[in-house]
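Enquirer: Please build the complete structure, drawing on both the sequences and the hints.
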Amino acid sequence: MTIGAIGMAAGFILILIGIWGFLNRKNIIGIILAFPVFDTGLNTVIVAIGWMRGRTAPIIDSTVNASDTLSKIVDPVPQALVLTAIVIGVGVTALLLAYAIRIHEKRGTLEIDKLEDIKW
Amino acid sequence: MVRTTVNMLVIIAVSSLFFSLFTAFRPDEKLNDLAAYYAQHTVADTGAANIVTAIVVTYRGLDTLGEVTVLFLSASVVGFMLRRRAGVKHVPAAPNSELFKTAASILAPMILLLGAYIFVNGHLTPGGGFQGGAVVASAALLFFLASPEGHIPHFVINTIESLSGIFYVGVGALGLYFAAGFLDNRILPLGELGTLASAGAIPVIYTLIGMKVGAELSSILVNLRETGGEE
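Sequences listed follow chains V and P, in order.
Remember, this note's numbering sits 725 above the position in the first sequence when you count from 1.
Remember, this note's numbering sits 69 above the position in the second sequence when you count from 1.
Because the hints were derived from the structure by calculation, they are not lab data.
Yeah, the Cβ is synthetic: ideal placement off N, Cα and C, and Gly gets one too.
There's no promise every hint is true.
What the hints assert, rightly or not - Some chain P residues close to chain V (C-beta under 7 Å, calculated; not the full set):
| id | residue |
| --- | --- |
| 1 | Asn76 |
| 2 | Leu78 |
| 3 | Ile81 |
| 4 | Phe87 |
| 5 | Tyr106 |
| 6 | Tyr107 |
Expert: Shown next as structure tokens:
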């Protein structure tokens, strides 16, 4: 197993835990907290896709000169995309928690089994 | 019971999908064309030592502006949903120990300083505006935990946030006149690679992003906190 493969496997497992949380939790806070787990797994997988054997972070310093970046660095694009995704994930989680607070104020419960009007 | 079985089937289906993706994946041996372009041209184009920063702030700068806007939108909606309503009382929390309060008052400014360091050095180190902004907001969180009765006025947060947003777009617009396009960092001299005053406008833009993200995350914290209490 390479580091990239370990990272990707860990990411996929976190995504599965997140999906399991979405589907099985009965409490709205539990469902919401499954979201960051899913999100973290997805980000880990994306970063792992950019991993390349024997290379280092895309920062020019004492190990990487400006002239040999082509052979020394991993793919910087997935890392830039994940930087974006992490921040959006924080915003979405905060929004979901705000909804949970409102539901609790209006209905006095967070158990989805007691919120019958959203049952299908 | 039926539900648990269905959920199990979903999980098994998704994991078999992931397993086939995982076994079929082979890491690249060389950079693809886009990544190779960034690897070869970043230093000459932007002067930034951190290639990820160059992509986030310059090459895909418009995308980052959109991202900051999404964060602003979500912070605003949290504020809108949790705005103070009549009838919701704030229940005072138990006072904290002297030890915690003193430690927090020493640590919070240092955490702020660390956040500022992270966003000012975004073009040199694996830092940047988003990470630094999150660290700044964690200082606000420590302040709230340490002094439940203290509060940061909304207008301070809103002013920092609006001003940094306006200046961010303003610096970007300067690029239209003094350089090649919107958010071009070459409005300032590129300087020497690896020094603090290098990479043109990237440190300026990332500092503004850091202040904006810090203010937005802090305003989410303020709003989530002020709703606390029983009806």
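Enquirer: Taking the hints in turn, state whether each one holds.
Expert: Here's how the hints hold up against the structure:
no., hint, in the structure
1, Asn76, "holds, 4 Å"
2, Leu78, "violated, 11 Å"
3, Ile81, "violated, 10 Å"
4, Phe87, "holds, 4 Å"
5, Tyr106, "violated, 10 Å"
6, Tyr107, "holds, 6 Å"
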